[in-house]
Amino acid sequence: MTNKTTGRDEVVTLEESEGHQPTVLVIEDNDLTRFGMAETLTREGYLVLTAASGHDALGILRQPFSALDVVILDVQLPDASGIDICARLRELYPTLPVIVCTGGATPEEVAQLLKLGVHRYFRKPIASDELLSVVEAALP
Amino acid sequence: MMSPDPFNTVLSALAQELQKHTPSLISLAERLTLAATHDVLVLLTGETGTGKTHLARLIHEFSPRKVHPLLVVPCGALSPNLLESEFFGHARGAFTGADRTKIGKLEAADSGTLLLDEIDALPVEAQASLLRVIETGAFEPVGSNETKFCQARIIAASNWDLEDAVAQGKFRQDLYYRLNVLAFFLPPLRERRQDIEALARAMVARFAAKFGKRLFVVSPEVLQALQIFPWPGNIRQLENVLQQAVLVCPGSELLFEHLPHPIRDRTARSLSTIPPGCVPTKETDLIEPETGKRILAKHLGASERAIIKQTLAATGNSRGRAASALGISRVTLYKKMKKYGLVDSPLR
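Quick mapping for you: the protein sequence lines, in order, are chains A and B.
In terms of numbering that gives the first Met the number 0, the first sequence has 36 at position 37, counting the first letter as 1, and numbering is strictly consecutive.
In terms of numbering that gives the first Met the number 0, the second sequence has 177 at position 178, counting the first letter as 1, and numbering is strictly consecutive.
If we strip away everything but chain A, and leave its shape as in the complex, we get (with noise of 0.2 Å):
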């Protein structure tokens, strides 16, 4: 599934890559952040996606240009509340994994977010092996 054997700096060619190249999708507001989970993940062979704000994160779920495999949501973006985006985010995949970063969500808001079907959650900041192998137990 995941171009785990390519290696760091291997360019993906046009043979290696027939059929779908797993995709992520993540909505990070802080810019360091969210690059920084984009490089790890795309060094990885994930096609990445990505959104800083509620309203971007929106437009790309309307219209992916890769089917989407993963979302990764941070809870607490500027402009609406992550628990809003998930809402949103169910109405158009109900089965879709996402998986919540949080700097710090409230107890309430993580029992929310479980029960609108939060694959699992970390904590900022998360190791780059950890952020992988999260993100490959959350691919169906």
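Hints were generated in silico from the structure; no laboratory data involved.
Just so it is clear, the structure is predicted and the values come from calculations on it, not from any experiment.
Glycine is no exception: its CB is placed at the ideal position from the N, C-alpha and C atoms.
One thing to keep in mind: the hints can contain errors.
Stated by the list, open to error - The calculated DSSO-like cross-link candidates involving lysine-lysine, where the alpha carbons are at most 30 Å apart (straight line), are:
no., chain 1, residue 1, chain 2, residue 2
1, B, Lys209, A, Lys123
2, B, Lys212, B, Lys19
3, B, Lys101, A, Lys123
Said to hold, decoys possible - Pulled a few chain A residues facing chain B out of the computed Cβ check, cut under 8 Å:
no., residue
4, Leu46
5, Leu48
6, Leu57
7, Arg87
8, Leu91
Claimed, not checked - The calculated label-pair distances, taken between Cβ atoms and stated as ranges, are:
no., chain 1, residue 1, chain 2, residue 2, range
9, B, Val342, A, Pro93, 42 to 48 Å
10, B, Gly319, A, Leu91, 30 to 36 Å
11, A, Gly116, B, Glu124, 36 to 42 Å
With chain A fixed as given, assemble chain B onto it according to the hints.
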């Protein structure tokens, strides 16, 4: 009223800005200047990701309100219950969970600009309240009797034609007329192909800087692939694609192979069915009837055979759909299939 000189200053600055990244929108420059120099309501319409927020930001930055905040309310992203509270704020104890007063966006925008994004998603009740704000400036926070006044300048953005929404009874006509003072339409990216190169180059440079990569060249194959892709997600999608490509690119030249698979795939499919130099202008998995007719008329023989074969494969061997896609009758299709030995033969 503003004197002509400041108007022209803003006009040339805005025109330059548009010319840099989105030359196809240069015709909007004058009306944009009007929007920036006057406190009128603005309505931006366009598909998702076509740059409405960017345009709103431009208007704000070139207006006297630029020293004040620009706040965005994503009407489509919020649950209807919380939308009221988001707009008007709420008093402490207004409803369960309202344990302190919240300042709504109308108030928080102060003397700045307020962008109401996806206004087509605004529930009917909220539309009535918004109309009142536009007409009188007055509103009350949820659960409070204190009337406040909105000082902000409002810009509305919609993914859909509001006139249609009015006709369907989903949007208030009186609100629509209020919003439709200075209206701008942003065409989808696939109808603005000249912008693709300009935007792409700017994005590649930006991402290269962000990721600390020394990227100097964008190969012509990449630009061609970007021109071919139909971009249903428009500029936002282009940005994601190029971000991915720059992340993956190891050297100083951005090559076709660095583009994500769906883009390469689309290019491969397009180029195999259409003669070189003929870039398709519409998104479809099959050959568009118009294009099909042109091609069939011009390139008979080997090309015709290849096209018929490809179209049949794409339609799952359905002659009816293939014929309609090619813009010819089933009988004609059958005759041609016989001519090229494609009848009753396997498709490989």
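Status of each hint after checking the structure:
Of the pairs offered as hints, the one joining lysine 209/B and lysine 123/A holds, with about 21 Å between alpha carbons and a cut-off of 30 Å not exceeded. Proximity of lysine 212/B to lysine 19/B is assessed by CA-CA distance (about 23 Å); at most 30 Å being required, the pair is judged to hold. Restraint check for lysine 101/B and lysine 123/A: the C-alpha separation of about 27 Å stays at or below 30 Å, so the hint holds. A cut of 8 Å between beta carbons decides the hint on leucine 46/A: the least distance to chain B is about 5 Å, and the hint holds.
At about 5 Å, the closest approach between the beta carbon of leucine 48/A and any beta carbon in chain B falls short of 8 Å, and the interface hint on this residue holds. With a least beta-carbon distance of about 5 Å to chain B, the hint placing leucine 57/A at the interface is held under the 8 Å criterion. Given hint, arginine 87/A at the interface with chain B, holds; its Cβ is 7 Å from that chain's nearest Cβ, closer than 8 Å. The restraint placing leucine 91/A at the interface with chain B is violated, with a minimum CB-CB distance near 12 Å, outside the 8 Å limit.
Against the hinted window of 42 to 48 Å, the Cβ-Cβ separation of valine 342/B and proline 93/A comes to about 45 Å, which satisfies the hint. Look at glycine 319/B against leucine 91/A: about 33 Å separates their beta carbons, and that is inside 30 to 36 Å. Separation of glycine 116/A from glutamate 124/B is about 29 Å and departs from the stated range, judged on CB atoms against 36 to 42 Å.
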